[in-house]
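A.B. asks: Make a model of the complete structure from these sequences and hints.
From first to last, the protein sequence lines are chains W and G.
First residue of the first sequence: 1, per the working numbering; consecutive thereafter.
First residue of the second sequence: 198, per the working numbering; consecutive thereafter.
Calculated directly from the structure, the hints in this document are not laboratory data.
Take the hints with a grain of salt, since some may be wrong.
These stretches of chain W come out as covered by chain G in the derived footprint (C-beta under 8 Å, 3 or more residues) [what the hints assert, rightly or not]: (1) 153-161; (2) 185-191.
Examples of chain W residues lying across from chain G (beta carbon under 10 Å, computed) [what the hints assert, rightly or not]: (3) M96; (4) V99; (5) V101; (6) H103; (7) L134; (8) L137; (9) I147; (10) D148; (11) V165; (12) L172; (13) V174; (14) R181; (15) E182; (16) R195.
Simulated DEER-style distance windows between Cβ atoms [to be verified]: (17) Q943(G) / T178(W): 33 to 43 Å; (18) E203(G) / D133(W): 24 to 34 Å; (19) E193(W) / E371(G): 45 to 55 Å; (20) P176(W) / R249(G): 15 to 25 Å; (21) A177(W) / E938(G): 48 to 58 Å; (22) L135(W) / A859(G): 47 to 57 Å; (23) G272(G) / D133(W): 24 to 34 Å.
Being a predicted model, the structure only gives us computed values, none of them experimental.
Every residue gets a Cβ at the ideal spot worked out from N, C-alpha and C, and that includes glycine.
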Amino acid sequence: MLRPGAERARNLESGAAITELLQAWHDRQAGALERLVPAVYAELRRIAGAHLGRERPNHTLQPTALVHEAYLRLVNQRSLHFQDRTHFFAVAARLMRRVLVDHARRRLAARRDAGLTVALSPSTPARGPEQVDLLALDQAMNRLAEIDPRQSDIVELRYFGGLSVEETGDVLGVSPATVKREWRTAKLWLFQELRTP
Amino acid sequence: MKPWSEIKAIVAAALEYPPSERTRFIERACADDSDLRAEVQRFVGGESEADRLLPSERWAGDALRTDERDTPAPGARIGPYRLLREIGHGGMGTVYLAERQDHEFVRSVAVKVLRRGTADPDLVRRFRSERQILAAIDHPHIARLYDGGSTDDGRPFLVMEYVDGRSIDEYCDETRLTIDQRLRLFQKVCAAVQVAHQNFVIHRDIKPANILVTADGEPKLLDFGIAKLIGTGIAFGAPGVTQDGAHPMTPEYASPEQARGQPVTTASDVYSLGVVLYELMTGHRPYVIPECDLAEKIRVITVEEPPRPSTVVGRAGDARSPAATEIAARRGVSVERLRRTLRGDLDNIILKALHKDPEHRYALAEALSLDVERHLDRRPVLARPDTLVYRVTRFVQRHRTGVPIAAVLVLVLLGVSVFAVRSRDRAEREAAKAQAINGFLQGMLSSANANRGGSQLVTVREALDAGAARAGESFRGEPRLEAAVRDTIGATYVGIGQYELAEEQLVSARDLRLAAVGPRHPEVARSLYLLGGLSFQRGDYGQARSRLLEAVELQRALLGSRHPDVGTTLHLLGVCAQDSGDEASADRFYREAIEIFRRGPHPRLGLALGDLASLVQDRGTAAEAESLYREAVALQRELAHPGLVQTLDFFAVHLVLRGDLAEAERLLTEEEGILRARYATRSLEFARFFGTWGRLLRAQGRLGEAASSHRESYEMFHAILGPAHVETAAAQVLYGECLLERGDAQAGIQLAQALAVHLRVLGADHPSTKSTQALLSRVAAAPVVP
Numbered sequence: 001m002l003r004p005g006a007e008r009a010r011n012l013e014s015g016a017a018i019t020e021l022l023q024a025w026h027d028r029q030a031g032a033l034e035r036l037v038p039a040v041y042a043e044l045r046r047i048a049g050a051h052l053g054r055e056r057p058n059h060t061l062q063p064t065a066l067v068h069e070a071y072l073r074l075v076n077q078r079s080l081h082f083q084d085r086t087h088f089f090a091v092a093a094r095l096m097r098r099v100l101v102d103h104a105r106r107r108l109a110a111r112r113d114a115g116l117t118v119a120l121s122p123s124t125p126a127r128g129p130e131q132v133d134l135l136a137l138d139q140a141m142n143r144l145a146e147i148d149p150r151q152s153d154i155v156e157l158r159y160f161g162g163l164s165v166e167e168t169g170d171v172l173g174v175s176p177a178t179v180k181r182e183w184r185t186a187k188l189w190l191f192q193e194l195r196t197p
Numbered sequence: 198m199k200p201w202s203e204i205k206a207i208v209a210a211a212l213e214y215p216p217s218e219r220t221r222f223i224e225r226a227c228a229d230d231s232d233l234r235a236e237v238q239r240f241v242g243g244e245s246e247a248d249r250l251l252p253s254e255r256w257a258g259d260a261l262r263t264d265e266r267d268t269p270a271p272g273a274r275i276g277p278y279r280l281l282r283e284i285g286h287g288g289m290g291t292v293y294l295a296e297r298q299d300h301e302f303v304r305s306v307a308v309k310v311l312r313r314g315t316a317d318p319d320l321v322r323r324f325r326s327e328r329q330i331l332a333a334i335d336h337p338h339i340a341r342l343y344d345g346g347s348t349d350d351g352r353p354f355l356v357m358e359y360v361d362g363r364s365i366d367e368y369c370d371e372t373r374l375t376i377d378q379r380l381r382l383f384q385k386v387c388a389a390v391q392v393a394h395q396n397f398v399i400h401r402d403i404k405p406a407n408i409l410v411t412a413d414g415e416p417k418l419l420d421f422g423i424a425k426l427i428g429t430g431i432a433f434g435a436p437g438v439t440q441d442g443a444h445p446m447t448p449e450y451a452s453p454e455q456a457r458g459q460p461v462t463t464a465s466d467v468y469s470l471g472v473v474l475y476e477l478m479t480g481h482r483p484y485v486i487p488e489c490d491l492a493e494k495i496r497v498i499t500v501e502e503p504p505r506p507s508t509v510v511g512r513a514g515d516a517r518s519p520a521a522t523e524i525a526a527r528r529g530v531s532v533e534r535l536r537r538t539l540r541g542d543l544d545n546i547i548l549k550a551l552h553k554d555p556e557h558r559y560a561l562a563e564a565l566s567l568d569v570e571r572h573l574d575r576r577p578v579l580a581r582p583d584t585l586v587y588r589v590t591r592f593v594q595r596h597r598t599g600v601p602i603a604a605v606l607v608l609v610l611l612g613v614s615v616f617a618v619r620s621r622d623r624a625e626r627e628a629a630k631a632q633a634i635n636g637f638l639q640g641m642l643s644s645a646n647a648n649r650g651g652s653q654l655v656t657v658r659e660a661l662d663a664g665a666a667r668a669g670e671s672f673r674g675e676p677r678l679e680a681a682v683r684d685t686i687g688a689t690y691v692g693i694g695q696y697e698l699a700e701e702q703l704v705s706a707r708d709l710r711l712a713a714v715g716p717r718h719p720e721v722a723r724s725l726y727l728l729g730g731l732s733f734q735r736g737d738y739g740q741a742r743s744r745l746l747e748a749v750e751l752q753r754a755l756l757g758s759r760h761p762d763v764g765t766t767l768h769l770l771g772v773c774a775q776d777s778g779d780e781a782s783a784d785r786f787y788r789e790a791i792e793i794f795r796r797g798p799h800p801r802l803g804l805a806l807g808d809l810a811s812l813v814q815d816r817g818t819a820a821e822a823e824s825l826y827r828e829a830v831a832l833q834r835e836l837a838h839p840g841l842v843q844t845l846d847f848f849a850v851h852l853v854l855r856g857d858l859a860e861a862e863r864l865l866t867e868e869e870g871i872l873r874a875r876y877a878t879r880s881l882e883f884a885r886f887f888g889t890w891g892r893l894l895r896a897q898g899r900l901g902e903a904a905s906s907h908r909e910s911y912e913m914f915h916a917i918l919g920p921a922h923v924e925t926a927a928a929q930v931l932y933g934e935c936l937l938e939r940g941d942a943q944a945g946i947q948l949a950q951a952l953a954v955h956l957r958v959l960g961a962d963h964p965s966t967k968s969t970q971a972l973l974s975r976v977a978a979a980p981v982v983p
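C.D. replies: Okay, structure coming up:
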């Protein structure tokens, strides 16, 4: 087993590396984003996996915690500027969307497979009417991005990235009032898309 | 169809109106374009459903979460078990009443089907290996674990004894058990936990829902050993702990070490038992654990002191708990009577079980039960309230922002403990006085807390200011008590670097004493001692020395030359001499102090030995330094003395310099364990530790990791002490030195900054300044990789 000290020293290393990558990305260095993504993606998957495992409804996650948690784990924030933080959030929200949609897709596949061999039948799926189908939502967001890319970004940052209105505004460079207005109308558009298959 | 941008503008504007006025607005805005109007109406009309589908405060992952809850229905079979009905639904999965039929014999069992993905795939294998141990626990108050496996679709399940009962809190309330009856029932629970502990099984998730009471009034503990088997109870997400597969344990009952993700011991179960007892007695839980914020959850569990049980009786209930009179009625007494019953012994017993530090809890469930027994027999119990020293130290640790903790420890611990020892030597009257002071200081700490609305952190400064303002009033006519209180306040001011205010308090304490007892009195010597300590902290070594010499002379004359107080003053004289560069005197003072401390032995013996070791180590007598360190470490380990952290750190540096890296690593690992258990992650102790850890890594040739560790150390010092502090600069030198060795161009900047601080604070002639200068000149010479 790895000694805690050794592990910590290594985390420090990778934290510093990610800070550097973010900086490089910020400075528009070629290839920086490609190198940044896998590390952030892996971390988000880990965090999302941990949070998805919790069932008790009163343990519902404070959404903003997620990307912040990833951020704190990955980045040595003392040496990072405010600007880098918002960049990070933007990347993380996009990756989190990918994590969750992949997760939903895998689950669907697993359920199809299990359907052939299930022994514990009949089973009662407990998904209520308020649960959104993430795969359908993802596709609807792709369509929204074609006619109104900013609205699609806002949904991504808010709903997948868990960012607050203010943080979303910071990332996109718009006022909180604009974010609120766009978020409200985007939800209406998506709802219409999702109700008509 | 109109483009979305056009529709969107009208939709957004319509949403600004209250729902009743929207239709009118839309009609006006769309004028005679009926297609547009219909479109806008359609979008606006979906608002409430859209909000339900994509609520603003939700996260997309929530959509995947409840989805996992598909469960087998009654009637289904799992192996030889037929599920009859669902009897519980919890974080881990669903529990069914089931029956097994073999050889015409029907047996009722409880089958717990875990959620998919709850446990790692090894569960079944681990179950096999643990089953022997779990099967060995045969106790009437522990539910048996019979079987386990995985269903055809890969879901793990466990088969347990079926217990028909209610959870212990419900049972106690519904049958209106009195306090004494509740205690007797609780003792049975303790006995069961004790038996499991003797079989090396820790429960890890004790809570009322896992303690059922059957109709005949016998308790049964459920799920013993299950937590470990399926990976719950490990942590509920402490940062830095791998969470894959681990599941949240119930935070309300989680011990501080569990919250931090640290190893769980039998004392962790004792803690959870303490929470259960708190609840059975008062009807309240010791804390309100916030729902969402993980860091805040951990903070509450690891830092917040639970209120004394007797003080929460009669507190206005929140939405979940019934009114005070109802709580009391369920225990067959009035509110006032309940409060009086709990006050004293039961308060102390419960708080001892709930102690943040596992070492201060009852070591065993049986010990907790025996103390309850003593209370029931009206015999004196073992639990005592925390000493003032402990509380003040903990308080300062909790509110440590910018507090040089070592200084506080040295002064406060020392100051107050001398006082405490003395009051113990004397009669009851003195003990009562100590109690009065204790009460005053605790009140001072908590009143400062209350002023800030409870949850916010109070600064030490606020607490002290409040205390300083109240002391004169509170101890009118009791000058010696007032002086003792002002000593403590003054010493703590020293700790947070408020030297002017400290001086004010310490001087007024001295004057009070001079007026009350005259100049030749041990308490006046104590004042001199504390004032000497203050001068030392300020760096005025000359004044410190003369005050301390005056103190020690007085103490020798009044108390005898072998009195422990003489030893503590000599020890501080030694530290003072060492820091001012007078090594010969330091050596003499330390050795005299050690000789006195050895008679006791005095708790400070370890510290003094460590200090002497660091002195002789500098002079190159390595063998003596090492044997002194070894003795110091052994002593402090035995006492669990707070100075152990410092000694381990000093010793590790010594060993690194001597090249004994394996031993150094062992010591640092021990130090880290203590730090993680007792100190804030951002503290001077951690900053020092990172520095020493960096030295070790560097000596092992792991330069990259060493640089990271040194950087962490330096940045922590920088954040806590500021850039201009000598200790920050010293850490920066280590960091720079490490960079230099790596050929990193940053080295020069770091060393130059540190040198500037050295020159300003220590002067050009100080050895540290010179060695930094030498390093910097090596940078100029070194072939640096850009």
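A.B. asks: Next, verify each hint and record whether it holds.
C.D. replies: Hint-by-hint comparison with the structure:
1. 153-161: With 4 residues close enough to chain G, the hint holds.
2. 185-191: n = 6 at 8 Å, threshold three: holds.
3. M96: 8 Å, holds
4. V99: 9 Å, holds
5. V101: Interface hint status for V101(W): holds (9 Å vs cutoff 10 Å).
6. H103: 6 Å, holds
7. L134: 5 Å, holds
8. L137: 8 Å, holds
9. I147: Nearest chain G Cβ about 5 Å off; hint holds.
10. D148: 6 Å, holds
11. V165: 8 Å, holds
12. L172: Since chain G brings no Cβ nearer than about 16 Å to L172(W), farther than 10 Å, the hint is violated.
13. V174: 14 Å, violated
14. R181: With a closest approach of 5 Å, the R181(W) hint holds.
15. E182: With a minimum Cβ separation of about 8 Å from chain G (threshold 10 Å), the hint on E182(W) holds.
16. R195: Since the shortest Cβ distance to chain G is 8 Å, the answer is holds.
17. Q943(G) / T178(W): 33 to 43 Å: Cβ of Q943(G) to Cβ of T178(W): about 42 Å, so the range 33 to 43 Å holds.
18. E203(G) / D133(W): 24 to 34 Å: Hint holds: Cβ distance 29 Å, inside 24 to 34 Å.
19. E193(W) / E371(G): 45 to 55 Å: 52 Å, holds
20. P176(W) / R249(G): 15 to 25 Å: Between P176(W) and R249(G), where Cβ atoms are some 23 Å apart, the hint holds.
21. A177(W) / E938(G): 48 to 58 Å: Given about 54 Å between the Cβ atoms, the range holds.
22. L135(W) / A859(G): 47 to 57 Å: 55 Å, holds
23. G272(G) / D133(W): 24 to 34 Å: The hint (24 to 34 Å, Cβ to Cβ) holds, given that G272(G) and D133(W) are roughly 29 Å apart.
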